[in-house]
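Chemist: Chains as they are written, first to last, in the working numbering: chain A, 1 to 229; chain B, 1 to 355.
It should be emphasised that the hints constitute simulated quantities derived from the structure, not laboratory data.
C-beta atoms are modelled at their ideal positions from N, C-alpha and C, and glycine is treated no differently.
Worth double-checking, as some hints may not be accurate.
Reference listing, derived: stretches of chain A covered by chain B, where coverage requires no fewer than 3 residues with Cβ under 8 Å from a Cβ of chain B [said to hold, decoys possible]:
{"hint": "1", "region": "9-19"}
{"hint": "2", "region": "78-92"}
{"hint": "3", "region": "95-101"}
From the derived model, a few chain B residues whose C-beta atoms are all more than 12 Å from chain A [said to hold, decoys possible]:
{"hint": "4", "residue": "G20"}
{"hint": "5", "residue": "K49"}
{"hint": "6", "residue": "H95"}
{"hint": "7", "residue": "S150"}
{"hint": "8", "residue": "G159"}
{"hint": "9", "residue": "Q232"}
{"hint": "10", "residue": "I246"}
{"hint": "11", "residue": "V250"}
{"hint": "12", "residue": "F266"}
{"hint": "13", "residue": "Q277"}
{"hint": "14", "residue": "Y278"}
{"hint": "15", "residue": "G306"}
{"hint": "16", "residue": "L307"}
{"hint": "17", "residue": "A312"}
{"hint": "18", "residue": "V324"}
Some but not every residue of chain A turned toward chain B, in silico, with C-beta under 8 Å [as the list claims (entries may be wrong)]:
{"hint": "19", "residue": "L108"}
{"hint": "20", "residue": "K111"}
{"hint": "21", "residue": "V112"}
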Amino acid sequence: MAILELKKVQKTFGSGRTKVEAMKETNFEAQQGELVAVIGPSGSGKSTFLSIAGGLQTPTAGEVRMNGTALTDLKEKKRAALRLKEVGFVLQASNLVPYLNVGQQMQLLDKVKKGNMSKAESEALYQSLGIDHLLCSFPKDLSGGERQRVAIAKALYTNPSLILADEPTASLDSDRAFEVMRMLKEITEEKQTATIVVTHDTRLIEDCDKVYQMTDGNMELQEKERYTV
Amino acid sequence: MFLAWNEIKNNKLRFTLVIGVLVLISYLVFFLSGLANGLEQLNREAVDKWEADGVILTEESDLRLQQSIVSADDFDGAGVDEYTELSQLSAIASHGDKKENVFIFAVDEASFIMPNVTEGNAFADEGEVIADDTLKEDGFEIGDEISLSSTEETLEITGFTDKARFNAAPVLFTDLNTLETLQYGEMAEGDNDAVNAFVIRTDNLDSVEADEALQVVDTETFIENLPGYTEQNLTLTLMIYFLFVISAVVLAIFLYVLTIQKISIFGVMKAQGISSQYLAGSVVAQTFLLSLAGVMIGLVLAVVTGLFLPAAVPVAFNYIEMLVYGMILIAVSVIGAFISVQTIVRIDPLRAIGG
Numbered sequence: 001m002a003i004l005e006l007k008k009v010q011k012t013f014g015s016g017r018t019k020v021e022a023m024k025e026t027n028f029e030a031q032q033g034e035l036v037a038v039i040g041p042s043g044s045g046k047s048t049f050l051s052i053a054g055g056l057q058t059p060t061a062g063e064v065r066m067n068g069t070a071l072t073d074l075k076e077k078k079r080a081a082l083r084l085k086e087v088g089f090v091l092q093a094s095n096l097v098p099y100l101n102v103g104q105q106m107q108l109l110d111k112v113k114k115g116n117m118s119k120a121e122s123e124a125l126y127q128s129l130g131i132d133h134l135l136c137s138f139p140k141d142l143s144g145g146e147r148q149r150v151a152i153a154k155a156l157y158t159n160p161s162l163i164l165a166d167e168p169t170a171s172l173d174s175d176r177a178f179e180v181m182r183m184l185k186e187i188t189e190e191k192q193t194a195t196i197v198v199t200h201d202t203r204l205i206e207d208c209d210k211v212y213q214m215t216d217g218n219m220e221l222q223e224k225e226r227y228t229v
Numbered sequence: 001m002f003l004a005w006n007e008i009k010n011n012k013l014r015f016t017l018v019i020g021v022l023v024l025i026s027y028l029v030f031f032l033s034g035l036a037n038g039l040e041q042l043n044r045e046a047v048d049k050w051e052a053d054g055v056i057l058t059e060e061s062d063l064r065l066q067q068s069i070v071s072a073d074d075f076d077g078a079g080v081d082e083y084t085e086l087s088q089l090s091a092i093a094s095h096g097d098k099k100e101n102v103f104i105f106a107v108d109e110a111s112f113i114m115p116n117v118t119e120g121n122a123f124a125d126e127g128e129v130i131a132d133d134t135l136k137e138d139g140f141e142i143g144d145e146i147s148l149s150s151t152e153e154t155l156e157i158t159g160f161t162d163k164a165r166f167n168a169a170p171v172l173f174t175d176l177n178t179l180e181t182l183q184y185g186e187m188a189e190g191d192n193d194a195v196n197a198f199v200i201r202t203d204n205l206d207s208v209e210a211d212e213a214l215q216v217v218d219t220e221t222f223i224e225n226l227p228g229y230t231e232q233n234l235t236l237t238l239m240i241y242f243l244f245v246i247s248a249v250v251l252a253i254f255l256y257v258l259t260i261q262k263i264s265i266f267g268v269m270k271a272q273g274i275s276s277q278y279l280a281g282s283v284v285a286q287t288f289l290l291s292l293a294g295v296m297i298g299l300v301l302a303v304v305t306g307l308f309l310p311a312a313v314p315v316a317f318n319y320i321e322m323l324v325y326g327m328i329l330i331a332v333s334v335i336g337a338f339i340s341v342q343t344i345v346r347i348d349p350l351r352a353i354g355g
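Make the full structure from the sequences, and use the hints.
Modeler: See the structure below:
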């Protein structure tokens, strides 16, 4: 089942001489239980893709469907509600609120959305991510790796069907980066989510099921072996 | 409230500074309101004590008691429930080295404006007076012979009454004959019927039938025309209103700067689907908590200060008025927070995604 579908999606900014095609006609699909990598250099259009996939902005043309719902037809308020329900973001600079401790980061999600993880489920998640001893710690007291693991926990806490990770390993050393990718792979399989990882680091695609390459706004499905061999 | 409270808890220094500024502003508002109230009382206590509905003065007096001279026969009480004559004189009263600016009110002992006696006895003979008890604090006592700046005659204090100041000076109450003697000395014949005004009680001032040369005014208008009274009240009220505006602006600036600092994290939260409404509610709740804390501390500090002020400082707190001012301060602070709310609504969740 396709969790996310992009059909003939385009995004342009400006007009006339200042017109920039950030995303040329693109087709994309992420299935349930699939870990998909979108790779490409800076300025290739990865962030534009991620923001359209997450419903943060609307495409100039084409259609985006999340679990069958056409995002392009929704107003921002409804898209925000859909993001809260269906999408878990793991962001480059971590998505933690600086004045809430780890436990409170999850409590905040309980304040704004029902149907999140139960206490037992969340405890199991914290344990699997190795952050169960950090619940009373604030983001400033965590290492880069710990922050990213908490960010993953936060993204998963709302039981999303789609996880969008924007350079989730950017601030980590190689060992930690591989660890995070392995974790995302396990979670994707276990929770049967669709996980899309946007990265410029081709070393991290080993565990991915599909790899898309973005170059100057063009997105193409690639053979994974091209990068891993 | 969850976000608001946790942010305050984890940024104690920052929010203590914000509360500190609000404490200072609210302290000033409460202190000024106490001062305005005290000065108001200082001017009108003796008139309020009459519990009268109106005053009859001459048309040409411009509502000034001392400029109004009427004959006791000029008004016969037509259209009122009760009325009485009032004469007044201002002077410097002295006893030994104690000196005080006073008003002398001459009243009919049987009239409704005869003051209550809180200590000692009422005046019975000529030359006797009941004094406002603030003179006690200046060292005047029952039995003191007081001399006046404008006459050779002396007066004896036989008793004290409370809350009897007029136009910022304590009042000495005496009978009409004594005042005539003070005004005319040996020339006084005891049959002078000139008085300054008539004080009346009636349900309907329009029904009062007075001579064309006289004007009937309600007590509040009479008070408002006391020299300097309205100007003083307006000045202090204006200062208080300015402080409301300053409070709103200061808090709005603080919150706006704090919001600007948090734009990226608000962007992340909005990207995660947390609504602008929830984030805006959090800022409003935070403003409410900060202003409530600032106003409460300011209120307590003002009341405590009032306990230690010397009697010469005319501060009188009206707690209901203070509560109203406190609520206005909180309300204008919350209104000030709406600039930040607008900023939050405009934050694009796209900011959460790096380029």
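Chemist: Against this structure, judge whether each hint is valid.
Modeler: Now for the hints, and whether the structure bears them out:
no., hint, result
1, 9-19, "violated (count 0)"
2, 78-92, "holds (count 10)"
3, 95-101, "holds (count 5)"
4, G20, "holds (20 Å)"
5, K49, "holds (58 Å)"
6, H95, "holds (67 Å)"
7, S150, "holds (72 Å)"
8, G159, "holds (66 Å)"
9, Q232, "holds (48 Å)"
10, I246, "holds (28 Å)"
11, V250, "holds (23 Å)"
12, F266, "violated (10 Å)"
13, Q277, "violated (9 Å)"
14, Y278, "violated (6 Å)"
15, G306, "holds (38 Å)"
16, L307, "holds (39 Å)"
17, A312, "holds (49 Å)"
18, V324, "holds (34 Å)"
19, L108, "holds (7 Å)"
20, K111, "holds (5 Å)"
21, V112, "holds (5 Å)"
Of the numbered hints given earlier, the model fails hints 1, 12, 13, 14; all others are met.
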